[in-house]
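Heads up, the final residue of the sequence shown is numbered 191 in UniProt numbering, and it's a clean run with no missing numbers.
Since the hints were derived computationally from the structure, they do not count as laboratory data. We treat Cβ as the ideally placed atom computed from N, Cα and C, and that holds for glycine. Possibly wrong hints are sitting among the right ones.
Simulated restraints, written as ranges between beta carbons of each label pair [said to hold, decoys possible]:
1) H102 - A169: 18 to 24 Å
2) M165 - C24: 29 to 35 Å
3) R154 - S48: 17 to 23 Å
4) G18 - D40: 27 to 33 Å
5) T44 - E103: 35 to 41 Å
6) G58 - H123: 35 to 41 Å
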Amino acid sequence: MVLTDTTGKNVELPVFSGTLGAPCVGIAKLPTEPGNFTYDPGFTATASCRSAITYIDGDNGVLLYRGYPIEQLAKHSNFLEVSYLLMHGELPDAKQFSDFEHEVTHHTMIHEALKSFLQGFRHDAHPMAMLAGVISSLSGFYHDGLDIEDPAQRRLAAIRLLAKMPTIAAAAYRYSIGWPMRYPRNNLEYV
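Use the sequences and the hints to build the structure in full.
Okay, structure coming up:
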């Protein structure tokens with residue numbers, strides 16, 4: 001696509017075709033050209049990134065994860081199955097799910113020092129603020145999974161986040177109401 005800018009210069013813009021939906025015009029070159037900016041109130045006609053994971057068409061009520069309608073996943077899959085789908089691109093078979101569930105379940109414990117970190121908040125702090133603070137600090141405790149170029153480290157970081165989020169959320173809530181933290185019970189299901 002060729003656009004004539006405000007100075008009369010032609011700017012060539014690439015057109016991308018997605019798996020579904022209308023084509024997208026790449027406008028990344030516009031801000032680098034003098035006098036060119038885009039205006040999209042509410043960010044309604046702008047895609048912020050390419051995604052092989054999610055497709056959204058809000059006008060038609062369509063939300064797909066890896067090609068599966070969200071309604072189908074909500075009805076027939078549990079949270080960890082959908083997590084596996086998002087991470088691996090396919091729903092797990094029984095063995096894959098069992099291995100994945102075991103791996104997540106055995107990363108639910110949090111470092112003891114995170115309890116002290118949590119206790120640095122006021123008791124009346126909003127649990128979401130506590131959750132955000134503790135989640136942000138995880139990289140200080142589990143720094144062996146920070147290389148985003150390494151697929152194994154990215155996977156480990158995702159597993160840890162899946163595993164530790166319920167523990168941290170429960171700890172933040174219990175702390176906010178003055179109750180002691182309880183350790184996760186790995187003999188129970190994830191949710």
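TODO: Take the C-beta atom of R154 and the C-beta atom of S48, compute their distance, and say whether it sits inside 17 to 23 Å.
DONE: holds, 20 Å
Task: Status of the given 29 to 35 Å range, CB of C24 versus CB of M165 - done: holds, 32 Å
TODO: Confirm or reject the claim that T44 and E103 have a C-beta distance inside 35 to 41 Å.
DONE: Since the Cβ atoms of T44 and E103 sit about 40 Å apart, the hinted range of 35 to 41 Å holds.
- [ ] Can you let me know if the beta-carbon spacing of G58 and H123 is within 35 to 41 Å?
- [x] At roughly 40 Å between Cβ atoms, H123 and G58 fall inside 35 to 41 Å, so the hint holds.
Open item on the list: Range first: 27 to 33 Å. Now tell me if the beta carbons of G18 and D40 are that far apart.
Closed with: violated, 18 Å
Task: CB-CB spacing for A169 and H102 relative to the 18 to 24 Å hint - done: holds, 21 Å
The structure does not agree with numbered hint 4 stated previously, though it agrees with all others.
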